[in-house]
Amino acid sequence: MPYLANTTYENMKQELTRLKLAEAEQRRLSQALRQAGAVLNSTLDYQQVLDRILEAMSYVVPHDSSNIMLIEGDTVRVFRWRNYEWFGGEDYAGSITFKLENVSLLRQMQQQGRPLVIPYVTRDPEWVYYKEEHRWIQSYAAAPIQSHGQVKGFLNVNSATPGFYTEADAERLQAFADQAALALENARLFEAERQRRQEAENLRDHLEELVAERTLALSRSNKQLNEQLIERDKLIAELDAFAHTVAHDLRSPIGIMTNYAELLQREWTTLSVEEIREFLVSIRRVGRKSLTIIEELLLLASIRKGQVRMTSLDMGLIVAEAQQRLSHMIEEYQATLVVPSDWPIARGYAPWIEEVWTNYLSNAIKYGGQPPHIELGATKQAENMICFWVQDNGRGLTPSEQAQLFTPFTRLNQVRIEGHGLGLSIVQRIVDKLGGKVGVESRAKVGQGSVFWFTLPGSG
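Residues in the sequence shown are numbered from 874 upward in steps of one, following this note's numbering.
The set of hints was computed from the structure by calculation and includes no laboratory data.
Incorrect hints may have been included.
[Claimed, not checked] The calculated DSS-like cross-link candidates involving lysine-lysine, where the alpha carbons are at most 27 Å apart (straight line), are: (1) K1025 to K1096; (2) K1162 to K1239; (3) K1310 to K1096; (4) K1162 to K1253; (5) K1253 to K1310; (6) K1025 to K1004; (7) K1318 to K1239.
[What the hints assert, rightly or not] Between beta-carbon pairs, the in silico distance windows are: (8) S1155 to P1330: 56 to 62 Å; (9) I1218 to R1150: 47 to 53 Å; (10) Q920 to L1164: 26 to 32 Å; (11) P1035 to E1064: 27 to 33 Å; (12) K1004 to Q1068: 48 to 54 Å; (13) E1064 to T1131: 26 to 32 Å; (14) R950 to A1073: 31 to 37 Å; (15) W959 to E999: 22 to 28 Å; (16) A1276 to A1085: 37 to 43 Å; (17) L1164 to E945: 45 to 51 Å; (18) S1155 to N1257: 48 to 54 Å; (19) D1078 to E1168: 35 to 41 Å.
Positions of the beta carbon are idealized from the N, C-alpha and C atoms, including for glycine.
Kindly generate the complete structure, drawing on both the sequences and the hints.
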């Protein structure tokens, strides 16, 4: 009887110890899950939740590396990973994507909805190393992420120590995976609700805008209405000007090219080599003219919509670039340019200001004397403005001709004028956009020419 009593006592003692250990383990798990839950609940952003899952996993199950896999159709992809670089290389886990049906261990978890533990991966015939760099892994545990009865992904932990993981670790990981699934679902619902609210707000804003527009249209004063009508007329006039330019200015060179091409096709056997060469040169010339028209139309449109950052300008360099662009024209007309060695520093946008100088200089060359003599300069003005100017030695402009300048797509009725009427429209739009003004001074006397100018804010 004493022996039986001692045996019973020992059994009770062992059972009590087991219960205490189980209770302590349960407390540790509860504490770990509370810590993990606090981390997971710190955000509702889906991408941040994925990051928090990796961060919180270390509270629940010790590991050397970990990753989160999510299912996309019939494919599994690693979305987050941690500590793989400790064992050589970087981002080894991040490049893993594979078919779910080809990985039996993951397929097993998906079908059974249960966690998985492989204490010794080298002894498991189903174990597959996704990459050679992962052969340091000796023990593995995983748990499915489940939501609404469906497996959405997997939590995976790895250890370099053989036999490191047990069934208890897998169960702990599963408890955390259930928390992670809830956090991901909450984040997904939050994002869906945020998008729904955003769509509702957008719809509300749109409706408010419509109501405001209708209200504004009804309550607008005559002055405001007139301003709107004026702006509409400007847009219509500009659209008409674009159509006119395309219909007339492009039609002429394209028609010339077509006629030359048809003539070459029809008469090439009877033409001399020199005649053919002249035809090809003419085709190339009018082709370039057409291309220039198109480029300036695009530039004119882009300036209306474009937003640029104004900086201090190296005007000497900008003028030199414009001269280089016009070098063939300068040589053809035997033009002389007088350029200052020093320029005051203004603010603007260099590519656009180069277009301004190019337009002013090309006009001065074409409309100047024979040969053209052109002088460039700059003058400081009040209110921190700088006036830049180009003076030619042409016949000048009458008041009526000056009145036509800087009007979109208006041509000057002047001898020897070549071009397509877009240049000064571009100049005015650029300078207006940069906070300056444009203008011209001329006495319509041969030899005295004209002075075209534009202003920009100074840098000081």
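Going down the list of hints, with the structure as the test:
no. : hint                       : verdict
1   : K1025 to K1096             : 63 Å, violated
2   : K1162 to K1239             : 15 Å, holds
3   : K1310 to K1096             : 26 Å, holds
4   : K1162 to K1253             : 37 Å, violated
5   : K1253 to K1310             : 14 Å, holds
6   : K1025 to K1004             : 23 Å, holds
7   : K1318 to K1239             : 17 Å, holds
8   : S1155 to P1330: 56 to 62 Å : 45 Å, violated
9   : I1218 to R1150: 47 to 53 Å : 49 Å, holds
10  : Q920 to L1164: 26 to 32 Å  : 48 Å, violated
11  : P1035 to E1064: 27 to 33 Å : 42 Å, violated
12  : K1004 to Q1068: 48 to 54 Å : 37 Å, violated
13  : E1064 to T1131: 26 to 32 Å : 59 Å, violated
14  : R950 to A1073: 31 to 37 Å  : 33 Å, holds
15  : W959 to E999: 22 to 28 Å   : 26 Å, holds
16  : A1276 to A1085: 37 to 43 Å : 40 Å, holds
17  : L1164 to E945: 45 to 51 Å  : 48 Å, holds
18  : S1155 to N1257: 48 to 54 Å : 50 Å, holds
19  : D1078 to E1168: 35 to 41 Å : 39 Å, holds
Checked against the numbered hints above, the structure violates hints 1, 4, 8, 10, 11, 12 and 13; every other hint is satisfied.
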